[in-house]
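Engineer: Here is how the chains run, residue by residue.
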Amino acid sequence: MKILFIVETHQGAIKAAEQLFPLALKMNGDIIALNISDILIIKRISQSSDKSESEIAIEMEEDGWKYLYYIEEMAKNFGVKIFLEQEEGYFESVISKYVDKFQPGLLAISCRVSGGTSEIKNMAKIIESIRNNIKCPMLLL
Amino acid sequence: MDIAKYLRLESIALDIKCKNKKGIIEKLADLILKDDKVGNISKSELLHDILKREELGSTGIGEGVALPHIHAEISDITMAFIRSKNKIDFDALDNQPCQIFFMIVAPVSKNSEYLKLLATISRIMKKSANRKTILNLKTPEQVRDFLGEF
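Going down the list, the sequences are from chains U and L.
FYI, in our numbering the residues of the first sequence are 1 to 141.
FYI, in our numbering the residues of the second sequence are 1 to 150.
It is possible that part of the hints are untrue.
[To be verified] Quick list of in silico lysine-lysine cross-link-like pairs, BS3-like style, CA-CA up to 30 Å: (1) U:101 x L:34; (2) L:138 x U:81; (3) U:2 x L:126; (4) L:116 x U:43; (5) U:2 x L:52; (6) L:19 x U:97; (7) L:5 x L:43; (8) L:110 x U:76; (9) U:101 x L:132; (10) L:87 x U:26; (11) L:87 x U:2; (12) U:51 x L:116; (13) L:126 x U:97; (14) L:132 x U:15; (15) L:127 x U:97; (16) U:81 x L:22; (17) L:43 x U:101; (18) U:51 x L:52; (19) U:26 x U:51; (20) U:81 x L:19; (21) U:81 x L:116.
[Stated by the list, open to error] Residues from chain U shown here face chain L by an in silico Cβ test under 7 Å; the list is partial: (22) 43; (23) 59; (24) 62; (25) 69; (26) 76; (27) 78; (28) 81; (29) 82.
These are computed hints drawn from the structure, not numbers from a lab.
This structure is a prediction, so every number in the text was calculated from the model and none was measured.
Quick reminder that beta carbons are idealized off the backbone N, C-alpha and C, glycines included.
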């Protein structure tokens, strides 16, 4: 079974991987670890800093890859099969695209938000929207 | 990040003919082993670790690029590059055969530098313009200079 694991660039992704990998082993699942450079976040960060959108995009992409490779190392230690993917786009659209493309049996998302109530509400809205648009089970970690 | 500093000219091979994934990994390993930094690690040991890693998911990152990488007991990060003449099936997730190959071997003590190097190469190679350039460069010097631009 394929498990699409959305890897965000924060420590929560590492904790989520620690929970997901034993489960993947039990389910005999192959992980497709996907990091998304979210265009909305790139624009938001760029507006509040003196860096251009392309500079922010490069930084986010590299951070994303670093997390992916870190998580790949963890997967290796767990003995879980893993493939890495990175893509720039709108968070929900990229997830829908990958679900359509790979038809995973499970979508796992690390959704540990570090901010306050508004960030939690925003994440809940995104999760709700993804849940309404995909046809596979979803696991929030 | 200056990728060029990790890549010796002797570790770059262009337009190599190879039959399959195992063959290209062997050629990459040969290039890695020419580096003094590798020390006493044997070819069979290196191949065993790389192939074992590949069993846990291909290091093909898509669009014709593969990046086999492992930790090993060596003194410093070392890297090899091959552009093959023919396209080789590398079991990549996108099912596309590969023509651009990097191999990175690093000591555990340099993990953050290793992750940064992997991330930088992956980011660069995800851009089609960069892949196109790499496929058209004529000499190892040009490859190293190009990678040094990022």
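Engineer: Does the alpha-carbon distance linking residue 81 (chain U) and residue 22 (chain L) stay inside the 30 Å limit?
Structural biologist: holds, 19 Å
Engineer: Take the C-alpha atoms of residue 51 (chain U) and residue 52 (chain L), compute the straight-line distance between them, and say whether it is at most 30 Å.
Structural biologist: Since the Cα atoms of residue 51 (chain U) and residue 52 (chain L) sit roughly 42 Å apart, the hinted pair is violated (cutoff 30 Å).
Engineer: Decide if the proposed pair is consistent with the structure: residue 81 (chain U) and residue 116 (chain L), CA atoms, cutoff 30 Å inclusive.
Structural biologist: holds, 22 Å
Engineer: Against chain L, with CB atoms and a cut of 7 Å, does the hint on residue 78 (chain U) hold up?
Structural biologist: Violated: closest Cβ of chain L sits about 9 Å from residue 78 (chain U), beyond 7 Å.
Engineer: When you check the alpha-carbon spacing of residue 2 (chain U) and residue 126 (chain L), does it fall within 30 Å?
Structural biologist: This hinted pair holds, its Cα atoms lying about 23 Å apart.
Engineer: Next pair to validate is residue 87 (chain L) with residue 26 (chain U); report whether the Cα-Cα distance is within 30 Å.
Structural biologist: Violated: residue 87 (chain L) and residue 26 (chain U) sit about 36 Å apart, past 30 Å.
Engineer: Below or equal to 30 Å on CA atoms is what counts here, so check residue 43 (chain L) against residue 101 (chain U).
Structural biologist: Measuring from Cα to Cα gives roughly 38 Å; hence the hint is violated.
Engineer: Can you verify the interface hint for residue 81 (chain U): is its Cβ closer than 7 Å to any Cβ in chain L?
Structural biologist: Because about 5 Å separates residue 81 (chain U) from the closest Cβ in chain L, which is inside the 7 Å limit, the hint holds.
Engineer: Do the alpha carbons of residue 126 (chain L) and residue 97 (chain U) lie within 30 Å of each other, as the hint requires?
Structural biologist: holds, 18 Å
Engineer: Hinted pair, alpha-carbon criterion (30 Å max): residue 127 (chain L), residue 97 (chain U). Please report holds or violated.
Structural biologist: holds, 19 Å
Engineer: Residue 69 (chain U) was flagged as interface toward chain L. Is the shortest Cβ-Cβ separation under 7 Å?
Structural biologist: holds, 5 Å
Engineer: For the pair supplied as a hint, residue 19 (chain L) and residue 97 (chain U), is the alpha-carbon distance within the 30 Å limit?
Structural biologist: violated, 34 Å
Against the hints set out earlier in the document, violations occur for numbers 1, 2, 6, 10, 14, 17, 18, 19, 22, 23, 27.
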